Amino acid sequence: MISLLLILISSLFFVGIIVKTKAKIAARKMPSVLQPVYDVVRLFKKGAVYSQTTSAIFKMAPLVYFASVFLAVLFIPIGSQKALLSFDGDFVFFAYLLGIGKFMMIIAAMDTGSGFEGMGANREALYSMLVEPAFFILVGSVALFTNNVSFQDLFLHLKLDTNLYYIIGIASIYVFVYIAMVENSRMPVDDPKTHLELTMVHEVMILDNSGFDLALIHIVTWLKFSIYGALISNFIISNSWAIYWQIAAFFGIQLAFSLTVGILEAFKARNKMEKNPQWIIMLSAISIVVFLTVLIITEKIILN
Amino acid sequence: MTIILFKIVIIFALVLFMLPKQYQYYLGLVLHIAIISISSSWAINALAISSKVTLPFIPFLGNILSIEIDQLSAFFILVINMTMLTGIIYAKGYLQAYFHKKSKTEMAWHFFNFLWLHISMLLVVSLRDAIAFLMIWEVMSLSSFFLVIFETEKKETISIGIKYLIQMHIGVIFLMVAFIFAYVQTGAAFSFNGLSIYFASHNPFGLFLIFFIGFGIKAGFIPLHSWLPHAHPAAPSHVSAVMSGVMIKMGIYGILRVLMSIHHDLFNIGLFILIMSLISGLLGVSMAIVQHDVKKLLAYHSIENIGIIGIGIGLGVIGIAEDIPVLAALGFAGGILHILNHSLFKSLLFYTAGSVYKQTHTRNIEELGGLIKKMPKTALFFLLGALAISGLPPFNGFISEFLIYSGIFKSLHSANLFTDIVLMFSFTSLAIIGGLALFCFTKVFSVIFLGTARSSKVEHATEVESSMLIPDFIIGFMIVLIGFVPVIFMQPLSQIIGLFSIKMGAIQQIIPILNNISISSGIFIMLIGLLWILRTWQQKRHTIKQNTTWACACKVTNPAEHQYTATSYANNFKQLSSKVVNVKKDFKDFDETEIFPKARKFETHSSDVFEDNLITAPTNKILIWFEKIAVLQTGKIQHYLLYALLFLVLIYLLTHFNLI
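If you read the protein sequences in the order shown, they are chains A and B.
Remember, our numbering sits 58 above the position in the first sequence when you count from 1.
Remember, our numbering sits 49 above the position in the second sequence when you count from 1.
Among the clues, some could well be false.
As the list claims (entries may be wrong) - Taking lysine to any residue pairs in the SDA-like style, the calculated list, with each CA pair at most 20 Å apart, reads: (1) B:Lys623 with A:Ile339; (2) A:Lys358 with B:Trp586; (3) A:Lys103 with B:Gln587; (4) A:Lys103 with B:Lys589; (5) A:Lys358 with B:Leu466; (6) B:Lys589 with A:Lys358; (7) B:Lys589 with A:Ile339; (8) A:Lys333 with B:Asn621; (9) A:Lys358 with B:Lys423; (10) A:Lys117 with B:Phe316; (11) B:Lys423 with A:Ala114; (12) A:Lys117 with B:Tyr406; (13) B:Lys422 with A:Lys358.
I should point out that these hints are in silico values taken from the structure, not numbers from a laboratory.
As the structure is a prediction and not an experimental result, all values here were calculated from the model.
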């Protein structure tokens with residue numbers, strides 16, 4: 059329960075901090091950290107415009123998308139704080155749950171019959187397919203390392219007792235940061251602040267959403283960042299720490315993560331569209347390094 | 050008692066030819082239902098008493114041929130019956146379009162073969178004697194051949210049918226060789242039961258390989274698959290559904306049956322099955338993405354799903370070989386459950402695709418679009434099938450894939466280095482297959498049903514009649530049932546995998562996990578419901594407007610022209626996978642001197658790399674030789690007499706010099 063609350067609270071500020079960081083670096087006037095929250099509240103107070111081309115699919119999609127990501131939050135533990143739902147193999151369920159949300163959003167974008175949205179939908183489908191192996195190899199390696207197969211036990215038994223662990227920790231965090239970027243269609247893959255529809259991925263998919271639906275989609279973005287931030291924090295927080303230290307560390311890590319995203323976005327240019335697949339596959343390659351490291355730690359590969 | 054009824058039903062099939070056209074369907078339906086109830090009672094009985102049911106069938110070669118139904122046969126009988134039931138219900142509406150075109154005998158012949166396909170599949174899974182098995186296997190191939198060439202007026206259909214028939218016979222040769230080889234080596238019974246004696250005393254890999262090729266051609270493992278993408282589009286939809294849903298699984302059945310009698314040196318066999326399956330899974334779905342013909346696309350997805358089934362079985366065999374019970378149990382459980390799951394969602398997809406074909410007369414998805422408004426129920430069921438085949442929760446495809454994943458992740462720690470690497474490749478491939486399936490089905494669903502119409506063929510489409518929707522409801526119910534309450538299927542499943550000498554603890558462990566999945570799925574649906582209520586409440590208080598799709602401020606006269614097509618959707622994937630997906634462009638580039646360019650056409654065609662290189666290219670080379678030899682065939686009788694004379698002289702000379 060506490061982990062759910064922590065993730066929900068941190069999600070409120072996440073995008074605000076990113077925006078603020080970017081503004082600071084660009085020496086622009088900074089909006090409030092809660093500006094995204096105000097935006098969403100305003101959206102909830104609005105009506106909606108639906109395209110005549112769309113069908114029931116378009117109306118269902120944001121609901122399924124939101125429900126899938128919200129349910130995914132319930133699987134995430136933080137430090138010694140248990141997840142609400144946990145069973146063996148829950149990370150498979152987690153990954154496929156995000157999949158059904160994506161499936162619905164993609165077909166909803168195609169439902170509008172707009173060429174631009176088709177483009178975004180198609181890219182989203184390809185990139186999320188390419189990023190899938192990285193996630194599985196990474197979690198699989200940790201599962202092999204700890205001999206546990208649910209998020210909760212996985213992170214509970216993650217011990218920092220060998221030097222090689224740092225390779226796992228650093229590589230995992232690196233991969234998770236970028237998985238979060240790909241999943242949220244952020245910088246090296248997609249530029250959320252671009253003004254050209256032809257170069258967008260996620261933003262162009264939701265051109266026709268408005269009001270309540272758009273608000274849900276925005277909240278999903280916060281939640282997704284917060285989920286990955288929580289996963290990253292689990293690599294760092296040790297469950298032997300006192301509870302308030304864990305909570306403080308969690309918020310610290312979320313803050314650091316959002317600052318990182320902000321800084322990355324401010325300084326990095328977007329990849330060329332055709333370079334994106336290659337770049338995403340690179341994440342899988344790094345995950346394989348983690349896998350090999352785990353094989354060494356568990357003495358399956360014996361050096362010397 | 051039931052066996053006599055079964056025989057009476059078989060004989061009654063001949064009455065089909067005597068009936069006028071309008072009653073044939075109903076007799077067919079009655080006979081199918083009779084067979085379904087008889088054989089299901091056997092199957093349920095076998096599962097209820099958890100042992101083999103043996104019934105004497107007919108006198109055969111001096112012995113009594115008996116029907117032997119163990120739990121594996123029982124499972125397959127129930128899967129076959131399920132799909133045949135929906136198939137025959139669907140056939141009524143689908144065949145209406147052919148009612149006036151076809152003669153009385155042609156219609157009767159179709160129903161007769163459909164019935165015999167059913168009977169032969171039931172017998173394939175319940176006969177053990179090798180000669181009887183091969184004969185009934187042949188009947189299955191023949192009846193499905195006649196079903197495929199139903200639209201005989203199309204020349205292409207016949208050539209596809211012949212191709213299918215030839216490949217099936219190559220398969221049967223391998224099976225025959227394998228059975229005879231085992232028989233000659235051991236002298237034991239010429240049946241499946243006799244195989245275990247051969248396998249006990251010999252290295253099993255060689256003989257298994259021959260069996261695998263024989264059964265693999267039926268199942269459609271890459272590179273043995275090339276009949277599949279042709280036969281499925283050519284056949285009527287209820288036939289493709291049955292062929293893809295259950296007939297190709299007969300190959301899997303054969304492999305499982307052979308595996309049951311192998312008890313040592315299993316690692317290589319498991320690894321071999323796994324590698325073939327990974328290739329089939331990955332390449333099957335990759336090739337599916339570039340297809341425009343919806344039924345061809347579904348056919349490639351059958352290859353992919355055979356791959357997933359094979360991954361489960363292959364991992365299960367590796368689990369037995371390496372003594373990792375959890376991998377063995379969950380691998381087999383996932384693979385076998387996926388047989389049922391695939392038969393459900395694939396037949397659902399074929400039925401709905403057939404309904405679309407019936408209403409629009411095109412299978413080319415580029416000519417469709419916006420059908421969800423005209424055929425909402427069909428669209429909904431297609432979506433259900435698409436979600437299930439992509440392996441997404443809370444539907445049935447996820448459950449079987451989850452079992453396989455669980456098996457892999459739970460055994461990572463206890464496996465050795467090599468197995469770990471194999472496992473890593475397996476789950477990575479499963480993840481990629483899942484992602485690609487999602488890519489493919491978002492494409493096909495949205496291009497057929499969403500957006501606006503891409504051609505005038507869509508204009509007159511209406512929802513199909515209710516008799517064609519009944520099968521969709523039945524299957525849809527099963528898909529949701531397995532998705533939400535998978536636990537009820539675990540008891541029969543554990544009986545089946547018990548046949549493979551697997552320790553059963555792992556299946557018991559998985560039950561609480563599946564319960565958790567059910568709970569999570571329940572929460573998921575409740576969340577969606579809650580959001581729905583919230584939004585309805587919110588939107589009642591504000592104005593909801595309708596407008597055109599936002600087109601970046603440009604005036605769109607024909608929205609269909611702006612839409613993303615299936616080709617453009619597949620394009621970025623095509624660039625990634627140009628090695629395995631052979632797409633040829635047909636376009637003449639502009640010439641520099643061409644000041645006033647004429648109209649140009651641009652076409653792309655995709656062809657199957659394996660078919661091109663393994664079948665078409667070699668046969669073309671052989672054909673060149675055959676054409677040279679054809680010089681001898683002059684058509685003059687004097688020449689033929691001369692050949693005979695030369696032959697006699699040759700024989701004389703050879704015997705004279707003691708050469709033969």
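Out of the numbered hints, which ones does the structure contradict? Failing hints, ascending: 2, 6, 7, 9, 10, 12 and 13.
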